[in-house]
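Colleague: So the sequence lines, in the order shown, correspond to chains A and B. Add 1106 to a position in the first sequence, counting from 1, and you land on the number used in my numbering. Add 2 to a position in the second sequence, counting from 1, and you land on the number used in my numbering.
It should be emphasised that the hints constitute simulated quantities derived from the structure, not laboratory data. Keep in mind that a hint or two might mislead.
Part of the chain B face toward chain A, derived, beta carbon under 7 angstroms [unchecked claim]:
id	residue
1	Arg97
2	Thr189
3	Leu190
4	Leu213
5	Met215
Residues from chain A that keep clear of chain B, each with C-beta distances beyond 12 angstroms, as calculated [as the list claims (entries may be wrong)]:
id	residue
6	Val1115
7	Val1119
8	Phe1120
9	Ser1129
10	Ser1137
11	Ala1139
12	Arg1140
13	Cys1143
14	Val1146
15	Ala1147
16	Leu1156
17	Cys1162
18	Ser1169
Heads up, the beta-carbon is just placed ideally off N, CA and C, and yes, glycines get one too.
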Amino acid sequence: MQVLGVALVVLGVFGAGWGVWISFLPPESASRARRWCGAVAAPVAIVAALVGVVLCCLPNFFSS
Amino acid sequence: MKRIAVRGCGVLLILVAAVWLKVALEARAEVSAGAAAEAKGDREAALTHYRRAVHWTSPFSGSVERALDAMAAMARAAEAAGDRVFALDVWRDVRSSLYAIRHVLIPHEEKLRASEEKIAALVAALPATVTEDRGKPEAVRSSEALAMLRRDNAPSVLWSLVLLAGFGAWIGGVFWFILCAIRDDETLDLRRAAISGATVVIGFAIWIVGLRMI
């Protein structure tokens, strides 16, 4: 769970950065589909990073 | 800008004063209700009101002190009358109420320590409830109970502050990014985006370290 948590945090932080970066690129630098992909990936990555923090810092949060 | 800041501070001051007044008045009302219940002989109700008065703690409020003194007097009276069980209940309420209002510091710490000594002595004086305690001298049981009560399970103040600083930094960084790094034509100001993004990442890392170490 700890390893999964760390992985989610790292993926989440990089994913959020990538998503925000891509979604704000001008139309001539990235296709509409890529920008949409970035805009969807950013919030998903933020949620993943927060779930990772819960897994790392709150043991047994998802189990009784 | 200066005018807005002054107005903002004024509004904040009024809000804080209103909350403080509400808390102080509630504490006072609970102390009065506790005294009235005590005068009627309803000890349980009195204890409930005094406990609530302590929970309504606020700076410069004398009601908390009065409620704690009244609870201590109730406990001593119960002990003098031979009602050790009720005295123990009251001292436990004193202790739990003081832990409930703990922040960076423990208000009325001397009363907390005194309540722990009383609880330990009373627990030791009552018949043992577990096999291991049977046959142990009262002094030993008392000191063991006191050690257990004084075991420090509080979160670290330093790491709590680190955690809050990290949380503030990454949330602040997100707002900074949204408000300053995105231009009106929906493109990024790269310099501001990099600085606010770094603030978010560093703040996030500090927040996680704080959560792990607290």
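Colleague: Next step is simple, just say for each hint if it's right about the structure.
Modeller: Going down the list of hints, with the structure as the test:
For the restraint placing B/Arg97 at the interface with chain A, the shortest Cβ-Cβ distance is roughly 27 angstroms, beyond the 7 angstroms limit, so the hint is violated. Hint on B/Thr189 holds. Least Cβ distance to chain A is approximately 6 angstroms, under the 7 angstroms limit. A cut of 7 angstroms between beta carbons decides the hint on B/Leu190: the least distance to chain A is about 5 angstroms, and the hint holds. Nearest Cβ of chain A to the Cβ of B/Leu213: about 4 angstroms, under the 7 angstroms cut. The hint holds.
A least Cβ separation of about 10 angstroms between B/Met215 and chain A goes past the 7 angstroms threshold, and the interface hint is therefore violated. In this structure A/Val1115 is not separated from chain B by more than 12 angstroms, as the shortest Cβ-Cβ distance comes to only about 7 angstroms. The beta carbon of A/Val1119 sits about 6 angstroms from the closest Cβ of chain B, which is not more than 12 angstroms, so the claim that it is off the interface is violated. For A/Phe1120, the requirement that its beta carbon stay farther than 12 angstroms from each beta carbon of chain B is not met, with the minimum near 10 angstroms.
Non-interface call for A/Ser1129 relative to chain B: violated, since the shortest CB-CB distance, roughly 10 angstroms, does not exceed 12 angstroms. Separation of A/Ser1137 from chain B is adequate, the least Cβ-Cβ distance of about 16 angstroms exceeding the 12 angstroms criterion. Non-interface call for A/Ala1139 relative to chain B: holds, since the shortest CB-CB distance, roughly 17 angstroms, exceeds 12 angstroms. With a minimum CB-CB distance of about 15 angstroms to chain B, A/Arg1140 clears the 12 angstroms threshold, and the non-interface call stands.
Non-interface status of A/Cys1143 relative to chain B is upheld: no Cβ of that chain comes within 12 angstroms, the nearest being about 17 angstroms off. Annotated as non-interface, A/Val1146 keeps its C-beta farther than 12 angstroms from every C-beta of chain B; the closest such distance is 17 angstroms. With a closest Cβ-Cβ approach of about 16 angstroms to chain B, A/Ala1147 is found to remain outside the 12 angstroms limit, as its non-interface label requires. At roughly 10 angstroms from the closest C-beta of chain B, the C-beta of A/Leu1156 falls inside 12 angstroms, breaking its exclusion from the interface.
For A/Cys1162, the condition that its CB be more than 12 angstroms from all CB atoms of chain B is violated, with the nearest at approximately 7 angstroms. Its beta-carbon lying about 19 angstroms from the closest one in chain B, A/Ser1169 satisfies the requirement of being farther than 12 angstroms from that chain.
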